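Student: For reference, the chains in residue letters:
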Amino acid sequence: MSPSLFSPEGLAGVIFLILIGVTLTGAVIATCTKRLIRSVTGLAICFVGVAGLYYFLNSPFVAMMELLIYVGAVCVTIAFAIMLAEPNEARVARKISPLSGSLATICGGAMAYALGYAAVNGQWMAPAIKINDGSVKEMGMSLLTTYSMVFEVVSIVLLLAIIGALVLAKAGRDKQC
Amino acid sequence: MDELIRILSYFVGIAAFLGLNLAYLGWVERKGAGHIQRRNGPKEVGPYGLLQPLADGLKLMSKQLIVPDNADRILYMAAPVLCMVASVILFVAIPWGENLVPREFDFGLLMIFSVASAAGLSILMGGWASGNKYSLIAGTRAVSQSVAYEVPMLITAITIVMISGSMNLNEIVRQQAGGFWHWNFLAFNKSIFMPISFLVFFTCSMAETNRAPFDLGEAESELVAGYITEYGGMGFGLFMMAEYANLMIGCSLTTILFLGGWQCPFGIFPGPHWFLIKMYFLIWCFVWIRWTYPRTTLWGLLNLSWKYLIPFSLVNLLVTALFIKVF
Chain Z
1 MSPSLFSPEG LAGVIFLILI GVTLTGAVIA TCTKRLIRSV TGLAICFVGV
51 AGLYYFLNSP FVAMMELLIY VGAVCVTIAF AIMLAEPNEA RVARKISPLS
101 GSLATICGGA MAYALGYAAV NGQWMAPAIK INDGSVKEMG MSLLTTYSMV
151 FEVVSIVLLL AIIGALVLAK AGRDKQC
Chain L
1001 MDELIRILSY FVGIAAFLGL NLAYLGWVER KGAGHIQRRN GPKEVGPYGL
1051 LQPLADGLKL MSKQLIVPDN ADRILYMAAP VLCMVASVIL FVAIPWGENL
1101 VPREFDFGLL MIFSVASAAG LSILMGGWAS GNKYSLIAGT RAVSQSVAYE
1151 VPMLITAITI VMISGSMNLN EIVRQQAGGF WHWNFLAFNK SIFMPISFLV
1201 FFTCSMAETN RAPFDLGEAE SELVAGYITE YGGMGFGLFM MAEYANLMIG
1251 CSLTTILFLG GWQCPFGIFP GPHWFLIKMY FLIWCFVWIR WTYPRTTLWG
1301 LLNLSWKYLI PFSLVNLLVT ALFIKVF
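Protein sequence lines, in the order shown, are assigned to chains Z and L.
Take the first sequence: its letter number 140 is residue 140 in the working numbering, and every next letter is one higher.
Take the second sequence: its letter number 252 is residue 1252 in the working numbering, and every next letter is one higher.
This is chain Z alone, in the form it adopts within the complex (with noise of 0.2 Å):
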């Protein structure tokens, strides 16, 4: 049975649909362009459509960091590191091993296949165990509970993430600023 299209049910999977259409048209441009500017927006198209997927799968606030984080600092750092480094990219034509492009073929099918069986014989969680979770509220107190210990070795992990910045950051630097 397929839901008729203005019911909720089929706005829902109409918008689901777009969804996917957004990631995977994000994800084309990113691999399949030459200029490296494009690529990371296709990139920033992709992200979009994942954060819009956890926002309809009821986990917005995994959806908002996909946003916050990605779109807003990864994208950013890219394109920044692009234009500091080859602002406009001479086109070298790269050498093409002529083995590379059976061997992306034969990888990335045995990726594919490799998801495929386990999305179609893996054992899922019933969906109402799980129906509450994506909420800011639940998120936080079970950062802070149950785990804990994550939270706290992620936040050193960043605290020495930010101290190594601060010392390349002084080693490249001189005396006068």
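These aren't lab readings, by the way, just hints derived from the structure by calculation.
It should be emphasised that the depicted structure is a prediction, and the values quoted were computed from it without experimental measurement.
One should not assume that every hint holds.
What the hints assert, rightly or not - Only part of the chain Z face toward chain L is listed, based on derived beta-carbon distances under 7 Å:
no., residue
1, 60
2, 64
3, 67
4, 68
5, 72
6, 76
7, 79
8, 83
9, 136
In this text, a Cβ means the ideal position worked out from N, Cα and C, and glycines have one as well.
Given the coordinates of chain Z, assemble chain L onto it according to the supplied hints.
Tutor: Quick look at chain L alone, frame taken from chain Z:
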């Protein structure tokens, strides 16, 4: 069906409100600039120049869209649209009144910050795609600035979240009910630094919207017109409108977090009118500051953020945590 009508009416309402404001904030700014510089500002089109925005709009729309030779065509066309879209989406979460909110998110504050962070990417794209060195430099400047100021802004917002125990913007406003001494910027029982914290947030929102004295992204005496150098016609118009939309968002957010949103200062007749009064007052402050202070240097700008605002907001975070624990 009710839900559909609600969505449609909010859609039309926000579009109309936004269109009116984006047109007339430009007029307010030009008029204000004129009077601050002892000129008249626009005065020829209509009484007090009130029809000037319409004339501007017609002019921008009738212009030919010219894509420069060096530009990356697709990105060049897409950047202003993306910039505008990111700004307009934010209006979904703004609570104008107790029941006048398009959608009450539990994570409204987070939603505003995360969608706003995507606007930086479109500025960067616009700057790069123009194929012009001035635009490129301006784009990187604008984004490094907004990244630098996002940090103290977020930390200050987190102190507010700690005080209210909620990211729901409606809830944050509801807790400031009853008179201006309950508003967050005077909440001395939560942290003694609250008024300064309000100023930090205000400064950060000024820097985030790339307004003078922090308008290094479009410093016209150094970089022609920054990342909008190569844009003409409606591309330019969209970037300008996005700037005003961001201005409104920044002022609304300051109003919600620190000035009690729709609450009345004397606790008698709360409503959306108080929200609008506070928001427009803050917008006027932005205009006032823009035409009063000279532009900062890039070093001064980044030093202000990293050496003063961020340490202060971290200290404020700790003090707030202490106050919550002790009292």
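Student: If a hint holds in the structure, say so; if it does not, say that too.
Tutor: Hint by hint, here is what the structure shows:
no. : hint : in the structure
1   : 60   : holds, 6 Å
2   : 64   : holds, 4 Å
3   : 67   : holds, 4 Å
4   : 68   : holds, 4 Å
5   : 72   : holds, 3 Å
6   : 76   : holds, 5 Å
7   : 79   : holds, 5 Å
8   : 83   : holds, 6 Å
9   : 136  : holds, 5 Å
The structure fails none of the hints (numbered hints given earlier).
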